[in-house]
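**Student:** Sequential numbering of the sequence shown, starting at 24, is according to the working numbering.
Errors might be hidden in some of the hints.
[Stated by the list, open to error] Straight-line Cα separation of at most 25 Å, SDA-like style, residue types lysine to any residue; simulated pairs:
id, residue 1, residue 2
1, K59, D69
2, K120, D66
3, K154, T118
4, K154, R195
5, K193, S44
6, K50, K145
7, K61, V192
8, K133, A65
9, K120, G106
10, K58, D161
11, K102, A81
12, K71, N91
13, K59, W97
14, K59, V87
15, K133, E55
16, K61, L110
17, K133, Q92
18, K145, S44
19, K61, L109
20, K59, V158
21, K71, K145
22, K58, E204
23, K61, E204
Calculated directly from the structure, the hints in this document are not laboratory data.
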Amino acid sequence: LLKDSDQAIVNTLTRWIGDESRVARNKLILAELAKKAKTAIADVDDIKEVLNVQLDPAFRYSSVIVTNQDGFNWLDQQKDGQGNYLLQPNATAPTGKQLFGVPVAMVSNKDLPSEVGAEDTKVPMFIGDLKEAIVLFDRQQVEIKASDVAMDAFETDRTLFRAIEREEVKTRDAEAFVYGEITIA
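All chains, full assembly: derive it from the sequences and hints.
**Tutor:** In structure tokens:
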């Protein structure tokens with residue numbers, strides 16, 4: 024295959040490895056965030072309290088709300104006393120929505136799953152300045168190598184690909200975010 028269309032296959036493999044690297048990095052970040060104790064969030068007033076009281080004002084204006092599809096759907100259904108939806112348009116937010124002036128980002132349920140119980144579902148929600156909360160140590164950029172002589176590649180007329188990356192995620196400032204959990208029916 025490489026001899027017939029080496030550029031397409033090599034580019035496809037490189038792109039796939041890059042995507043997998045991004046997914047692995049995001050999983051490391053979510054796992055580090057999830058180490059913090061959970062705070063129960065019953066309604067949008069609790070989110071407002073997190074933003075106004077629990078977070079230091081230094082983090083208020085650089086905060087984001089990150090939740091999964093279930094959490095975004097719950098937020099998207101919340102209304103004020105006049106029946107107006109609380110999520111407002113924001114062209115700079117990843118989802119195009121904001122709550123109380125804070126951008127809302129949505130992560131796939133596959134990557135940030137809800138805990139589905141017999142009677143209710145517990146939905147994760149991270150609120151705060153995640154750039155201050157977490158630090159990613161990228162010790163080595165993704166290194167991709169190909170060889171047609173390594174191991175038995177020469178004898179079997181194959182090309183082997185290898186990807187190496189070294190990264191670590193640590194909490195920088197645990198006060199920069201709150202790990203919330205919404206219980207929905």
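**Student:** Run every hint past the structure and note whether it holds.
**Tutor:** To see whether the hints hold, each was checked on the structure:
no.	hint	verdict
1	K59 with D69	holds, 18 Å
2	K120 with D66	holds, 18 Å
3	K154 with T118	holds, 18 Å
4	K154 with R195	holds, 9 Å
5	K193 with S44	holds, 18 Å
6	K50 with K145	holds, 19 Å
7	K61 with V192	holds, 19 Å
8	K133 with A65	holds, 23 Å
9	K120 with G106	holds, 18 Å
10	K58 with D161	holds, 20 Å
11	K102 with A81	violated, 28 Å
12	K71 with N91	holds, 19 Å
13	K59 with W97	holds, 23 Å
14	K59 with V87	holds, 17 Å
15	K133 with E55	holds, 17 Å
16	K61 with L110	holds, 23 Å
17	K133 with Q92	holds, 9 Å
18	K145 with S44	violated, 28 Å
19	K61 with L109	holds, 24 Å
20	K59 with V158	holds, 15 Å
21	K71 with K145	holds, 19 Å
22	K58 with E204	holds, 13 Å
23	K61 with E204	holds, 6 Å
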